[in-house]
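Got chain U sorted already, so can you dock chain R onto it with the hints?
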Amino acid sequence: MKLFKTHLYAILVVLLLILLIIFKPDVGMKALDLSASNFMDMFSVLPPIMLLIGLLDVWIPKEVMIKYLGEKSGLKGIGIVFLLGALAAGPLYAAFPVAAILLKKNARIANVLFFLGVWSTAKLPLVMFEYTSFGGKFTVIHIVSNLTVFLIGAYALEKSLSPAKKEEIYRISSSMVN
Amino acid sequence: MSTVFLYGLVALLFIISWFKDPQKSKKALKIGWKSFSKLLPTLIPVMVGIGIILSLLNPEAVSVILGEKSGVLGMLLGIFIGSVAFMPGFVAFPLGATLLSHGAGYPQIAGFVSSLMAVGIVSLSAEIKYFGKKSAILRNLTALVAVFIFVLIVWGVGL
Numbered sequence: 122m123k124l125f126k127t128h129l130y131a132i133l134v135v136l137l138l139i140l141l142i143i144f145k146p147d148v149g150m151k152a153l154d155l156s157a158s159n160f161m162d163m164f165s166v167l168p169p170i171m172l173l174i175g176l177l178d179v180w181i182p183k184e185v186m187i188k189y190l191g192e193k194s195g196l197k198g199i200g201i202v203f204l205l206g207a208l209a210a211g212p213l214y215a216a217f218p219v220a221a222i223l224l225k226k227n228a229r230i231a232n233v234l235f236f237l238g239v240w241s242t243a244k245l246p247l248v249m250f251e252y253t254s255f256g257g258k259f260t261v262i263h264i265v266s267n268l269t270v271f272l273i274g275a276y277a278l279e280k281s282l283s284p285a286k287k288e289e290i291y292r293i294s295s296s297m298v299n
Numbered sequence: 002m003s004t005v006f007l008y009g010l011v012a013l014l015f016i017i018s019w020f021k022d023p024q025k026s027k028k029a030l031k032i033g034w035k036s037f038s039k040l041l042p043t044l045i046p047v048m049v050g051i052g053i054i055l056s057l058l059n060p061e062a063v064s065v066i067l068g069e070k071s072g073v074l075g076m077l078l079g080i081f082i083g084s085v086a087f088m089p090g091f092v093a094f095p096l097g098a099t100l101l102s103h104g105a106g107y108p109q110i111a112g113f114v115s116s117l118m119a120v121g122i123v124s125l126s127a128e129i130k131y132f133g134k135k136s137a138i139l140r141n142l143t144a145l146v147a148v149f150i151f152v153l154i155v156w157g158v159g160l
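Going down the list, the protein sequences come from chains U and R. Following the numbering used here, the numbering of the first sequence begins with 122 at its first residue and continues without gaps. Following the numbering used here, the numbering of the second sequence begins with 2 at its first residue and continues without gaps.
Source of the hints: derived by calculation from the structure; they are not laboratory data. Each residue gets a CB set at the ideal place from its N, CA and C atoms; glycine is no exception. Certain hints may be false.
Straight-line C-alpha distance at most 27 angstroms; calculated BS3-like pairs for lysine-lysine [unchecked claim]:
no., chain 1, residue 1, chain 2, residue 2
1, R, K39, U, K123
2, R, K25, U, K123
3, R, K135, R, K39
4, U, K287, U, K197
5, U, K286, U, K183
6, R, K70, U, K183
Here are a few chain R residues that sit away from chain U, every Cβ distance over 12 angstroms (derived from the structure) [as the list claims (entries may be wrong)]:
no., residue
7, S38
8, G72
9, F81
10, I82
Not everything, but these chain U residues come out facing chain R in the computed CB check (under 8 angstroms) [as the list claims (entries may be wrong)]:
no., residue
11, F125
12, Y130
13, V166
14, M171
15, L173
16, A210
17, A220
18, A221
19, G238
20, T260
21, V270
22, K286
23, I293
Pulled out of the complex, with its shape left as it was, chain R reads as follows:
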């Protein structure tokens, strides 16, 4: 749904751009293509590598690891798995909900879901290429702090 919208919107913008200035539009196309090909070499191994890692994990094992009685260790593991794993939100949320119904605890799932979204260990190499080592690492550490605070609040209010 959002894919169709995104493609449609950008196609429309490009057509408008083309009518205003074909020369500039060609340049835009070239810039877009070059940026894409610069990102690709770091993304391809990530896509396949994560495919391999996820194929080795099974949901039953994960919901035991993140179980309600797993306590602080479970929360840390949730954060760890979320930081290393890599999947879109529309896969992660239903998975999180399933894990909850299989007996996982809220703080553990909070750690898993929020680090999944904000902390990217596997995309770190791409992030470094864009922003340099220091700022990429510090951004991920900031995200990790955010994750810990979220987990502590969820734990504290007893969701």
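Isolated chain U (complex conformation):
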């Protein structure tokens, strides 16, 4: 029963998919193909990232994280999250658990938000690909404009949070990785 409840939405969409395959086979089979490739993408990044999170959790002491990415990490912190995000692999949802482990170890919220922005837009392998697909001008404007907004936005968003709200964010994200 509990399993049924946690996977209620999953069961509903799978039912919908089955109905499509039965009554509209051409659309249904295409949807099945696309869903399968979504799962392939997921399994190509998520399991190692999850194990990495476990390893980070047991091996990186809080003090180290606070020193490099904490409240007073300043420019150094920004530089480090930029590198972390740029060297990342995988879709944005794979960044959430990584961001959560950073928060669990008391990284600064603005740093973590900027990390999510860099991950979404400036992953190195994707940047190369973007360059070959759309050209240099497009890519440079994209990355420079978006990262500027993400950086300013990260600090502005952090500032808009009350201490209680920040506390809550740290608590929620920690509970997702332990």
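Okay, now just chain R, sitting in the frame of chain U:
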């Protein structure tokens, strides 16, 4: 390619960790598995749901919607589709390039591609689970601002 690298790297780290401290490594494995199973219930419906939605869209229709003469409406639609859709960059970029060669405009494609990467309406439920409602929504709004600025610049310089 990056998948092999990622799996290899993490496997190597795990082996090193195991030699240093099997107990800690077991704990790491447990934490990883538990975090994975917490993310799964929100991801499975997204994966299948997006599969269904994308199977109903066809590229010809999309390149008409995002055509060079579609103007501001086309840009808004590009941003909307990108925010709602969900596909990896190595699929989205060639698709964007194809749409361009079919007559889509640069600002429209800029809106589509950049919102696809940074704005996640369908992954919002997962994001809320990790960071709470307020910060998840505000992060997506910030990303939306970034997308609009990018589109305006691309439009302004006349790419």
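Here is what the structure says about each hint:
Distance restraint check for K39 (chain R) and K123 (chain U): the Cα-Cα separation of roughly 14 angstroms lies within the 27 angstroms cut-off, and the hinted pair is therefore satisfied. Pair hint K25 (chain R) plus K123 (chain U) does not hold up; C-alpha atoms about 30 angstroms apart against a cutoff of 27 angstroms. For the proposed pair K135 (chain R) and K39 (chain R), the alpha carbon gap of about 20 angstroms is at most 27 angstroms, so the pair holds. At most 27 angstroms may separate the alpha-carbon atoms for a hinted pair to count; K287 (chain U) and K197 (chain U) meet this at roughly 22 angstroms.
Between the alpha carbons of K286 (chain U) and K183 (chain U) the distance comes to roughly 21 angstroms, so the proposed pair stays at or under 27 angstroms and holds. The suggested pairing of K70 (chain R) with K183 (chain U) is violated, with an alpha-carbon distance near 54 angstroms, which exceeds 27 angstroms. With 12 angstroms as the threshold on Cβ separation, the claim that S38 (chain R) sits away from chain U is violated: the shortest Cβ distance comes to roughly 9 angstroms. Every Cβ of chain U is farther than 12 angstroms from the Cβ of G72 (chain R); the closest lies at roughly 19 angstroms, confirming the non-interface assignment.
With a cut of 12 angstroms on Cβ distances, F81 (chain R) stays outside the contact zone with chain U, its closest approach being about 18 angstroms. Against chain U, the non-interface label of I82 (chain R) holds: every CB pair exceeds 12 angstroms, the least being about 15 angstroms. Because the beta carbon of F125 (chain U) sits about 11 angstroms from the nearest beta carbon in chain R, more than 8 angstroms, this interface hint is broken. For Y130 (chain U), the shortest C-beta to C-beta distance to chain R is roughly 4 angstroms, which falls under 8 angstroms, so the interface hint holds.
Because the closest C-beta pair between V166 (chain U) and chain R is about 6 angstroms apart, less than 8 angstroms, the hint holds. Evaluation of the M171 (chain U) hint against chain R yields a held restraint, the C-beta minimum of about 4 angstroms falling below 8 angstroms. With its C-beta approaching chain R no nearer than about 5 angstroms, L173 (chain U) sits inside the 8 angstroms limit, and its interface hint holds. Annotation: A210 (chain U) was flagged as interfacial toward chain R, and the flag holds, the nearest CB pair being 5 angstroms apart, inside 8 angstroms.
With a cut of 8 angstroms, the hint placing A220 (chain U) at the interface with chain R holds, because the nearest CB-to-CB distance is about 7 angstroms. Annotation: A221 (chain U) was flagged as interfacial toward chain R, and the flag holds, the nearest CB pair being 5 angstroms apart, inside 8 angstroms. Checking G238 (chain U) against chain R: minimum C-beta separation of about 7 angstroms stays under 8 angstroms; hint holds. Hint on T260 (chain U) is violated. Least Cβ distance to chain R is approximately 10 angstroms, over the 8 angstroms limit.
Among the interface hints, the one on V270 (chain U) holds; its C-beta lies about 4 angstroms from the nearest C-beta in chain R, closer than the 8 angstroms criterion. Taken as an interface hint, K286 (chain U) checks out: its beta carbon lies about 7 angstroms from the nearest beta carbon of chain R, inside 8 angstroms. For I293 (chain U), the interface hint holds, since its Cβ comes within 8 angstroms of a Cβ in chain R; the closest pair sits about 5 angstroms apart.
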